[in-house]
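Here are the chains, one letter per residue:
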Amino acid sequence: MKRAATWLLAGLLLAGVVHEATILATPRLLMWLVMRRLAALGGIGHMVHAPRADESRRQVVMPSPDLLYSWCVYDLAAGPLRLHAEVPANTYWSLSAYDARTDNFYAVNDRDAAAGTVEVLLLPADDKVAAPAVAAGVRVLRSPSRRGLLLLRTLVDRDERAAELDSARRRASCDVLPSAGAG
Amino acid sequence: MIGKAWRVAGLLLLATLAGAGSAGLRLKFLSGADDIRLGPWRSSSLVGSAQASAWLRAVVAVNGILALNQREAIYFTALADDDGRPLSGACRYRVGGHDVAARWWSLTAYGADRFLIPNPGHRYSATQNTVARAADGSYSIRISREPQAGDWIASGSGRFVLTLRAYMPSPALADHPEQAGLPGIVREGCT
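Line by line, the protein sequences are chains A and B. Residues 1 to 183, numbered by the working numbering, are exactly what the first sequence covers, in order. Residues 1 to 191, numbered by the working numbering, are exactly what the second sequence covers, in order.
One chain only, chain A, in its complex shape (with noise of 0.2 Å):
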């Protein structure tokens, strides 16, 4: 009697640890499977610019068919990311960063972003990396996990305007910068 009792303790406990674990991974585990079927649309630490949703999409639930996705997948391993992109005029238009947790640390729009283009520079959280100088701005964005993604989104608001959005956003590109050295 004793030693069911101690057995089903023993399992309830674990039964308890492992559902809080799940928990805890459900969203890293997501975003990896995410980013891997990005990643295999088009690599790592460069832009993508997947064509206007339609039935065939099938990589992220829910696209929508009027926005324009284009996205970067990043690694900072291979060194600190920069982005460069045009803001098109008179649509809505954003770029959204994700950490590897799914956290969405940092949103611009195009109404926040005034000038026309936005410039980012995304470097890893932890402090070694110093921030190298940059020209004014340029947007300094530390990443809290070293993989992550950029996502860009464009809204196509009329059709007509479909052809002049699509060739402003595939002028956003995305690279990977050499790592300045450890010094």
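These are computed hints drawn from the structure, not numbers from a lab. Yeah, the Cβ is synthetic: ideal placement off N, Cα and C, and Gly gets one too. Keep in mind that a hint or two might mislead.
[What the hints assert, rightly or not] No farther apart than 20 Å at their CA atoms in a straight line, the calculated lysine to any residue pairs in the SDA-like style are these:
id : chain 1 : residue 1 : chain 2 : residue 2
1  : B       : K4        : A       : A10
2  : B       : K28       : A       : L29
3  : B       : K28       : A       : T22
[Unchecked claim] Computed beta-carbon distance windows for the label pairs:
id : chain 1 : residue 1 : chain 2 : residue 2 : range
4  : A       : H49       : B       : D136      : 36 to 44 Å
5  : A       : H49       : B       : G97       : 32 to 40 Å
6  : B       : D34       : A       : F105      : 55 to 63 Å
Once you've looked at the hints, dock chain B against the given chain A.
This is chain B only, laid out in the frame that chain A set:
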């Protein structure tokens, strides 16, 4: 007599399955993510919020991975019509109302798998800038399996869901999404 090693292995296996399974079921069915309810529409105040705990982060990851934060967009989803009946491709619907208080909105139909519904004309959505307007500014969008004249979104033949995206919501909408003026979903008939 079962060896002790086997019993320990069995316990480990059972406990792991029970722990992981219960976590999955809790995330899927007991997340409390649909905390905003307006008629048939559901939304989550959690998506894009400061994800303060491991639990909330997991809920958001499951319910809205890569979603925009609420300053950028609010997402409302309907699985049923105004009378609470599940949305079905066997029926015809009319979704109508006035603009939500946002910079721009779109209404999109997704299949039960949450991907766009195959249809030859690519009629996946209707948007603020494309819908026809009545004199009072209201719009009326038809949703059905078979094409219809005017503003029409294809529903496919099975279960489907509708998502209303409100981009750059007004401060009033962002602060009180539960008071948004959302369109009605009226079932007009079934075949």
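Take the C-alpha atoms of K4 (chain B) and A10 (chain A), compute the straight-line distance between them, and say whether it is at most 20 Å.
-> holds, 14 Å
Pairwise hint evaluation, L29 (chain A) against K28 (chain B), where the allowed Cα distance is 20 Å at most | holds, 16 Å
Taking the CB of D34 (chain B) and the CB of F105 (chain A), does the distance hold inside 55 to 63 Å?
-> Violated - the Cβ-Cβ distance for D34 (chain B) and F105 (chain A), about 25 Å, lies outside 55 to 63 Å.
Does the Cβ distance between H49 (chain A) and G97 (chain B) fall inside 32 to 40 Å?
-> Given a distance of about 34 Å, which is inside 32 to 40 Å, the answer is holds.
Given the hint that K28 (chain B) pairs with T22 (chain A), does the C-alpha gap stay at or below 20 Å?
-> Between K28 (chain B) and T22 (chain A) the Cα gap is close to 13 Å, so the pair holds against 20 Å.
Assessment of proposed distance window 36 to 44 Å (beta carbons of H49 (chain A), D136 (chain B)) = For D136 (chain B) against H49 (chain A), whose Cβ atoms are near 40 Å apart, the range 36 to 44 Å holds.
Hint 6 from the list above is the single one not met by this structure.
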